[in-house]
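Spelled out from the first residue to the last, the chains are:
2 protein chains.
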Amino acid sequence: MLKRKVIMAIADGLGDRPHPLLEYKTPLEYAQTPNLDRLASEGITGMMNPISSGIPVGTDMGHLILFGYQPHHYPGRGPIEAIGIGMQVEPGDIVFRCNFATVDENGIVVDRRAGRIREKTDEIAEAINGIEIEDGIEVFFKPATEHRAVLILRGNGLSDKISDSDPKAPHDGKPYHQVEPMDASKEAARTATILNMLLKKSHAILSSHPINMKRNAEGKLPANFILTRGAGKMVKLEPIVQQLKVKGSCIAGESTVLGVAQLAGFKPITDSSMTGNIDTNVELKARLALEEIAKQDMVYVHIKAPDVKGHDNEPFEKAKAIELFDQMVGLIVQDLPENVYLALAADHSTPCEVGEHTGEPVPILIHGPGIRRDRIMQYSELDCAHGGLGHLTGNEFIRTLHGLIGVVKKQGN
Amino acid sequence: MLKRKVIMAIADGLGDRPHPLLEYKTPLEYAQTPNLDRLASEGITGMMNPISSGIPVGTDMGHLILFGYQPHHYPGRGPIEAIGIGMQVEPGDIVFRCNFATVDENGIVVDRRAGRIREKTDEIAEAINGIEIEDGIEVFFKPATEHRAVLILRGNGLSDKISDSDPKAPHDGKPYHQVEPMDASKEAARTATILNMLLKKSHAILSSHPINMKRNAEGKLPANFILTRGAGKMVKLEPIVQQLKVKGSCIAGESTVLGVAQLAGFKPITDSSMTGNIDTNVELKARLALEEIAKQDMVYVHIKAPDVKGHDNEPFEKAKAIELFDQMVGLIVQDLPENVYLALAADHSTPCEVGEHTGEPVPILIHGPGIRRDRIMQYSELDCAHGGLGHLTGNEFIRTLHGLIGVVKKQGN
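Protein chains in written order, with this note's numbering: chain A, 1 to 413; chain B, 414 to 826.
Everything labelled a hint here was simulated from the structure, so no lab data went into it. Heads up, a few of these hints could be off.
As the list claims (entries may be wrong) - In silico lysine-lysine, BS3-like type, Cα no more than 30 Å apart, as pairs:
#1 A/K410 - A/K236
#2 A/K410 - B/K581
#3 A/K3 - B/K733
#4 A/K409 - B/K627
#5 B/K633 - B/K599
#6 A/K409 - B/K581
#7 B/K587 - A/K245
#8 B/K646 - A/K409
#9 A/K25 - A/K3
#10 A/K410 - B/K587
#11 A/K3 - B/K438
#12 B/K680 - A/K410
Just chain A, same shape as in the assembly (with noise of 0.2 Å):
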């Protein structure tokens, strides 16, 4: 078998539909994208829905699958963003997402981000990460981004199934949620009650810790409450590295990325210059990309300001974004190797005029040694929708792939 390796390249959020402000073109049309269109013309195309056609997916599941997991397998939001900030999630443990919050003397949540609090919640993090609140069971407490933190349960007859402590009202003013269990089991009423006694403990120790105090001194909001929602019982899964038998990276600034990137068993490679927005370092991820290729079988490289301006219905900013990602895809082509294919992706639509994921599919593209090259000059929405590949499952894409660089296994003989 020939020796092959492939670099996929995602545009988080590509997908869009005609805007108005764009004369009607998609802003992947709109833009000015030579690389990717050279890269179309060399190439075979197609359209791909991650899941199905019609179903939108976040994020986190959009690269699950582009990294070679199923739908099932996918483990919850939570498990995916504490190995994106560097938790070790064990199968068992019970992840939360949470916010910082600031509530009053009744339990009314003043803020569910507390003052969208930016600064040492690493501090105030420390200070309930390792609470004891029951014999056996460990907590772990780290922040994310901003006002972002994860926690986990992990315990013997623990339950993912209780409700969020998080009102998540459109505006706050709410009381927090005791949280309750959400089936008959003994697990769950267990699981309630520790986090329930959790919440009560944490807030007593936020509401007297010095940064908050300085905080109440400065006039801002204190975080002194902890809203947890999203509870998810982390599964078992198998890398996909270790099921495929290659060695991979992966290139991203966003957490969420990285995260889905570690679980599959790719290097999670990250630079403070990878912003998650349109002043991204594209040489710098072009640059890694090509010395990972160099070592590794398969690197992922992702960009995520097309799908950031989507969401702020910008459709000349994420047109520029896009013209970002064709820089980065140009200084990749201009030194990939030949027995490397290039494969373009985006984890889902984010089209501007609504402002988040969509159901309908993304354009694809496979560049390299060998390919069946279709008779498609640009790569886009529409272009793609009649190209060579036919309309994919992200399944059928990131397998097709895998075919490629012959990793799948034949059936019969």
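Got chain A; can you put chain B on it based on the hints?
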């Protein structure tokens, strides 16, 4: 319902990739194929993944699907090979692929193929066929091509969860393996014991067999041992012809294809002039296909040569093999009755540059009465990727044909 029939012409291993020696055309694009292209311009085309994108299949699996089974019906290579050489295989039978081999007095495998023995293997096999090992266990043994043979154990309480006696070393000079149970069941333990007794007893018989004595005298390696591998338990499969209430034939030179055909209930038709290579008798195949379709509902006609040339990385020869396929199809089209669909297919891709089966889709085509003609004018991997049938799985493709001849049950009312 109109009385319609179908001939499927299968070019084994047809699918390929653009090849530098062929001006970056695939062998199918490069070959002169006026008949295939005429059918494309008059018919409807598409692409087929036997199982799903990226998954390579063996010839047996590929044909199992083209004959109408689902991938999970795969009974293993042993049963297919057994049926292909005319053995009766019953559900529950444990079937082994075997080699005649030469072992020395210490059990060292001197040659896994007994000097690539070809002569009188039927006489040697007859000495083992029917030997008695234990009450209630029947033994069937029959030679296949060259040094190969098939062994069947029939009786209650047998298991296929046992290991190989074939050391399958890249080089000879290792001892043959004792057969071991591969799970904790008493059936596996019993089957391993029976097989070890059988191997010992047959070694004794073969060592003093007159043909081997003669080979020894002539300085040839004796076929004094049976190496077994790939134990498979025959499943109960309802023949496709019974499921659909149709009658059919299969014209082929290769025992694997004929084996699958018989499993599916299709009458096997072969001739020594069907060589499995580029000198195969396509006039005879075409004539027989037309003769058979007069009597049957479905006829498969198979040509092996494109796969052989793909394995050998001979793109020009593969193009010639495809021109042979084109000739055969031309002869069939000439005299095709008006009520007969002609379908073109392949079981898998065997790209020259890889020399192995790969998971890339193969072009498919349907020509015949009332067909929805698409815009495609050439039968090739690239043109058909834009065809009107879209991208189908093997099962969807064969069901499309079953639908056209009116043997698919309506769902609902």
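Comparing the hints with the structure gives:
no. : hint            : in the structure
1   : A/K410 - A/K236 : 26 Å, holds
2   : A/K410 - B/K581 : 19 Å, holds
3   : A/K3 - B/K733   : 28 Å, holds
4   : A/K409 - B/K627 : 44 Å, violated
5   : B/K633 - B/K599 : 41 Å, violated
6   : A/K409 - B/K581 : 19 Å, holds
7   : B/K587 - A/K245 : 28 Å, holds
8   : B/K646 - A/K409 : 21 Å, holds
9   : A/K25 - A/K3    : 40 Å, violated
10  : A/K410 - B/K587 : 27 Å, holds
11  : A/K3 - B/K438   : 22 Å, holds
12  : B/K680 - A/K410 : 28 Å, holds
Violated hints, listed in ascending order, are 4, 5, 9; each of the other numbered hints is respected by the structure.
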